[in-house]
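Enquirer: Protein chains in written order, with this note's numbering: chain B, 1 to 352; chain L, 1 to 528.
Quick caveat, the hints were computed from the structure, so don't treat them as lab data.
Among the hints, erroneous ones may be present.
To be verified - In silico PhoX-like links for lysine-lysine, alpha-carbon gap of 20 Å or less: (1) L:K329 / B:K232; (2) B:K205 / L:K329; (3) B:K206 / L:K373; (4) L:K9 / L:K74; (5) B:K205 / L:K77; (6) B:K128 / B:K232; (7) B:K130 / L:K365; (8) L:K384 / B:K205; (9) L:K365 / B:K206; (10) B:K218 / L:K373; (11) L:K74 / L:K109; (12) L:K74 / B:K206; (13) B:K206 / L:K380.
What the hints assert, rightly or not - Distance windows between CB atoms, simulated: (14) B:L136 / L:L105: 32 to 40 Å; (15) L:I141 / B:K130: 32 to 40 Å; (16) B:Y144 / L:L105: 45 to 53 Å; (17) B:C115 / L:S143: 26 to 34 Å; (18) B:K179 / L:G375: 49 to 57 Å.
All C-beta atoms, glycine included, are put in the ideal place defined by N, C-alpha and C.
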Amino acid sequence: MNQFNVWRTVFIVGAALGFGLCVILLTSQEPGVAVHAFFVGPFSNTYFFGNLLASAIPLVLTGVAACVSFSASVLNLGLEGQVYLGSFLGVFLAWRFETFPPVVLYPFIFSIVFCCSGLLAALSGYLKIKRNVNTLISSLLISYIAIYLVDALIETVFIDPNAGMAATPYFSDRFLFAKLLPPSDLHAGLFLALIFTFSLYLVMKKSVFGFEIALTGKNPTFARYTGISVSKILMLSMFLSGGFAGMAGMIDIFGIHGRMIRGFSNGYGWNGIAVALIARNQPLWAIPSALFFAYLENAANVGALLSDITPEIARTIQATIFFTVTAETLFSFVRKKKGGGAWKPSSTASSR
Amino acid sequence: MDSYSIEMKDIGKVFESNRTVALDHTNLRVAKGSIHALVGENGAGKSTLMKILCGLERKNAGEIFIGGVHKDIKSVKDAYDNGIGMVNQQFRLIEDYTVAENILLGVEKINRWGFINQRESLRRVQALMGTSCLSLPPETIVSELTMGQRQLVEILRILNRSVDILVLDEPTSVLIPQEIQRLFLIIRELKTQGKTIVFISHRLEEVFEICDRITILRNGRDIAEDPISGFDKKQVSFLMIGEYPGALNTKRPAKDNPVLLKVENLSVRDVHGKTEVVRSANLAVRQNEITALVGVSNNGKQELVEALVGLRRVVSGNICLRDRELTGKTVRDFRKAGIAYIPEDRTGVGASISSSILDNIIATKLYEIPYSKRGWINRKIARKNAESLVREYRIKGSAIQASLDTLSGGNVQKVILAREISSDPSVLIVCEPTWGLDHRSSDYIYKRLAELAGSGKAVLIVSSYLDEVMFLADRIFVIYKGEIIAELENAATLTKTTIGELMLGLGAPLSYVCPSDRQGETNRELPR
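Pulled out of the complex, with its shape left as it was, chain L reads as follows (with noise of 0.2 Å):
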């Protein structure tokens, strides 16, 4: 008993706002000094069984078990006293403060007069640095790190308060390839000290190389508890979902398509208007092919994205859809050209939240007949035609009147997505395609964009999500401070290292050293 640091024993939790059964006689043991995965779906329950654990939310029933001991976690302070400690998918940390504020925020030592004690915090925050073998300029303010500094002091700033079991929600979905490489080596370091750490993550490949042992999670109930040298990727991934991942039919047609959307020399400016954000930038996206435009954000990534399909102004170059000029043209004449796109931000660009969902159907394709006819609007037609994407789509709540934030979040994308995909695109611009969405969701998107590519259209995907890229895309572009500085094939030899390199900018291969000094694993390639 007393090798478990945690032990959570049928935890039941209850949602009264929706009625829903979130867990249900979850039980969960992470062995001391372990790393521990804990994977599943979306709404599988991990992060409740977390925030159970970290004292965020309560549960029903069930008991806890912190070093064989009971013990009733009632809030985030309780959790910290019991030595237990979360990072979140999203940071939490102030942009404007330094590091060392942000790492002693709350534990502040105050002085007589009611001062902070700046000499002493620094003393403090280097000390932490010293035990724990993490280091970071303490002086810096935030806003200027990466994600994964960033996720860094988060980690300082829990060790701070002297914790021995860690929580890692989803900690690498925001890092490059080579600052996920990092963060393992950190996560391995705290291990050697003797912390306890739990691994949320959905990508496999990643559990798999760092996690000791794995506990899936499916509609709230825990199916499997082993070592994870008892599973390989395949097994993990069928108890996950219930069933294998249908196998992706991606065979297009062969190379040399003709190209559909071609890019030449264009330039573009930011919001306002001063520094050139693109330059110069070529691209081509074939037919029957998915091309991939990866990017660090920042980059002229998304201006890029505007600038194709007509909402930003295009300073020089040219933008052509089978050999048709588009520069210049309004949104509008893009779209009748055939270019369709899925932005990114859903809810604030790609649709409306407070109309319904015929509003959000309709809106793209109102300006043509049958759907209106000299200015006056067609309901009838626009109903029917609504009517049958929400069934084809199977969008949940069919009722075509019901407004948008009624509905998830994977439903408002199939929204999106039957609006973008019904108007019969010659070229479909999505970005991120999945994000928020399980696994489920995704492959039904993965399939509709495949299908769109198979059928002679072309699709080109914005993706920060690079097994995403690397699963989909037949050809990648990658964006560096403004410019297109590669076109790769997505060849068997192309590894995520080489795309996140060229990302960064980097012509030779990233090496971190870490605090500890474990050459050996800095140059490890990302597993396929």
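Isolated chain B (complex conformation) (with noise of 0.2 Å):
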């Protein structure tokens, strides 16, 4: 990121907040209280902060699956139903296959998931290759087929009579993984996401293969010029792109819930999208990024418990960030009329 883009991101994030506290100033019977709950509450204690750092793991996957996809100029938005596809597939993996040792089950259980929320996604590569279906549409379609199919699952054939709603009963305790910060959520996932994060980031900065996927985002006319097969880009993005959204969901179930409740994703999805947005497809920045959404949900959450101010706070304040975020044109056109004077001085220097 340019100093350009950091600014930026500060007043957008700026912006929401500001406007966040406008919003509780005016609904709040005790301001005070209130204001100081939302911003300081979720770092008050271990069990809140580490519930916001839980609650950042999936946002932190999803925001880099969207961050590969946007890269490639694909734009996947069914990041919320390879989420849900991906974390009933590990549940059902894990009941499947109760009696392996966790070593063994846990690559076997990532690949499967990781393959098969990838080819969900990458079906709406495939229909974009052959048919020229608008990727953003299929990839949404489709997206909303896999959920309520998930959904008619849970329901049906793997519901849990004795849960009171619909969700699948708990796998194995031994599955899950280990709480860092007892009594709060956060689990050892967190390492899982970091290592992912990363390694998307080398090989977006260092492989071919990344400089392949950001010159097809960039034009795709000159990639197929240079000799990249265009269409396997496309494919192999939407592919990493679902499979990472498929490992927040299998993450997130794997380190909190213990079982698959019809509806726990909770816009992780939607989320990622912001995430990348805010983070300007730069995997690194999906980090931060997606902590200052945790904090976001945390923060309303928190809010709510030791005051009067509403959790729907936090989703006002999201929108104001989608606002903000997709006001884009507006910002690349400054960046334009600025860029073209900014690099005059080494330019003239230059000898011809």
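Hints in hand, dock the two standalone chains.
Expert: Written out as structure tokens, the structure is:
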């Protein structure tokens, strides 16, 4: 990220928080307490803070997933469905092969979940290549099919009658990730998320494959001219994107829930898109960006617990962010105007 | 004083956006009823001066007299009111409208219900064509017209505003030789009607053929203004550039060079895969030679080239490079085998404008050691390579991290040229090598191409600028309606007219009949 983008991001975050502050001041009976609870609450004890970190884990991964596809200029809007499919498959496999020791089971489940969610996303890529179907629309619709199918399975074949809600039975405790900061939800999946993010960063930054993705995203005609198989790159970036989204859901399940619950994902996929937009499609920036989103969510929850504001406050702030981020055209316009002049000194100084 | 139809005195123009002085005390005097040439390199200020005359730009200093009267031209409408009109290099026509609708655009007669009176319009257009001795079928849709006919529509549109002064900005750049001859007849016809014409061009032979007087601009100043008879081409070119263009060493080993790239019976379909746009084409690009492929657009030229670099699927036939079969291989195989390609659309196809110079340079080389090993890029080596190329090709704004959209068109072309030549190709295919470049950059490109051809490689240029083709090429292939209809050696007897006729698919010379019936000039040959 260059300096301009950093300032842009600071402005967006600042504007969103400022807006949140206004809403709190307008709606709360005891604004002092509410503001304190909202802004400081999440950091006040290990429980709240651990939960904040735990809820950032899936967001980092869905954010990274969105980064991959956006870098290649294919819009994977089906992250939510891929998250859902990944988590369900993870639960199913853990339940089906519960006799396996975790050391054997983890790599097995991870690869299957990654591939299946990836293929779900790659299907949109395939339709784009073969039938020129808009990826944005096809991924969104396919994702809904996946969500409703999984919902149907949870509510019929795999329902736990004792749960009192649409959820599957728990799988064996042995498979749950270790807790890092009890009593909070923070789990060892954090390291997995960091490893995934960092390896994707390396691939995007240093590998030929990453270069191909970025070039295809910037100018597919030129990419084809240089000998890149554009359709292959489209498919692969969709596959990777779907795979990461699937991992996001699965790691959340294995870290916190221990079973599949209908609607557990809580918009991870959608928020992942916003995370990627704020991170300007740069995998490493997805981490602070996801932390910020997690903070909003938790701050609203803590605020609701300790004062009289509602959790929906987080939604309004997120909505503000969506608006400011999508006003990107405005910003790039400003940048274009500035960019032309900023460069001049070095270009005139050089010899001909 | 009265004899001058236009007099521009001490015109000054500064562009604030990049703080350049475009015009610096520039003077222009055009005699009434004459054809006046305005010549100069790219960026010399020709277009800016004319835009000021036509109200498209505002001047910062100076005075304009039209017919001896001081005028302040603030808008295009002011220019029309003073009898000045301009035909731009790029036509401004609505392709789906008829000739008549385009001519009357903006000055349509509207009846009392707000509708356009079609019959009245038609009558007016016919009257206009009658008085100006220029005719075209008024109800034809513009998209069906040739470039020359479209230009005529532009001219008629301006004549309709009853102008006395016509500015033609690079009017010949899009025309084929026969159309150019026809345009010259039209210009002469307009002259006999008493119109004053300012003719902007950087093709000197045209200027010498048609113009009476000449003004030469260099770096925003007028450095000479005289009757054309006082000059020869060498002097004008010296005055324009400030130096004699370096003699190009095009001497290359004699004929009968071995064939490097051989194309046999090649057929290619269009984008939709329906019609064959290239049919059984045969082509041979020889070592140590510059070969040219010429043809009017939409005759399969572009598709053939795309097939030659692996970008387009081949229906039937073979492409061989040094006995190596390349038909059906991928773009990367073509590149690896030694084919380099500089496309016509530089910013759309030949480069990624939002990527850095570095990324653009390494984009095609990334797959080989030492630029990458086992899929990981070696940034250090890539950077070194890019830096040395930026220095070697004198690409301005030498920071390799700079994004390409901060560079000028000439420098973008140099980046592409640097990338393609540095990959050490056996055959370099280059489309429209000097489009939009000025003399200096063009000369540089010519020199590079000649060097490459002289060093045991082969160059295939695809150009619509026949002077360039005649100047560079050893051998010329003509494509017409998807077929290679001629292979010509560039001997001294070959003329542009011959090539132009072949490009149009004509065996016999074209004869254009001017409305005023001046047969004597119809079959003139272009001076070489």
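Enquirer: None of the hints should be skipped; say for each whether it holds.
Expert: Checked hints:
With a C-alpha separation of about 16 Å, the suggested pair K329 (chain L) and K232 (chain B) falls inside the 20 Å cut-off, and the hint holds. Between K205 (chain B) and K329 (chain L) the CA atoms are separated by roughly 29 Å; this puts the pair beyond 20 Å, and the hint is violated. Our distance criterion of 20 Å between C-alpha atoms is met by K206 (chain B) and K373 (chain L), whose separation comes to about 11 Å. Of the pairs offered as hints, the one joining K9 (chain L) and K74 (chain L) holds, with about 16 Å between alpha carbons and a cut-off of 20 Å not exceeded.
With a C-alpha separation of about 55 Å, the suggested pair K205 (chain B) and K77 (chain L) falls outside the 20 Å cut-off, and the hint is violated. For a cut-off of 20 Å, the pair hint linking K128 (chain B) to K232 (chain B) stands: about 11 Å separates their Cα positions. For the hint pairing K130 (chain B) with K365 (chain L), the CA-to-CA distance comes to about 29 Å; that exceeds 20 Å, so the pair is violated. A hinted pair counts as satisfied when its Cα atoms are at most 20 Å apart, and K384 (chain L) with K205 (chain B) qualifies at roughly 18 Å.
Of the pairs offered as hints, the one joining K365 (chain L) and K206 (chain B) holds, with about 15 Å between alpha carbons and a cut-off of 20 Å not exceeded. Restraint check: the Cα-Cα separation between K218 (chain B) and K373 (chain L) comes to about 24 Å, which exceeds 20 Å; the hinted pair is violated. Restraint check for K74 (chain L) and K109 (chain L): not satisfied, since their Cα atoms lie roughly 26 Å apart, outside the 20 Å limit. For the hint pairing K74 (chain L) with K206 (chain B), the CA-to-CA distance comes to about 56 Å; that exceeds 20 Å, so the pair is violated.
A hinted pair counts as satisfied when its Cα atoms are at most 20 Å apart, and K206 (chain B) with K380 (chain L) qualifies at roughly 11 Å. Taken as a hint, the range 32 to 40 Å holds for the pair L136 (chain B) and L105 (chain L), whose Cβ atoms sit roughly 39 Å apart. Range check, I141 (chain L) to K130 (chain B): about 36 Å between beta-carbon atoms, so the 32 to 40 Å window is met. About 50 Å separates the C-beta atoms of Y144 (chain B) and L105 (chain L), a value consistent with the hinted range of 45 to 53 Å.
In this structure the hint that C115 (chain B) and S143 (chain L) lie 26 to 34 Å apart at CB is violated, the actual value being about 51 Å. In this structure the hint that K179 (chain B) and G375 (chain L) lie 49 to 57 Å apart at CB is violated, the actual value being about 38 Å.
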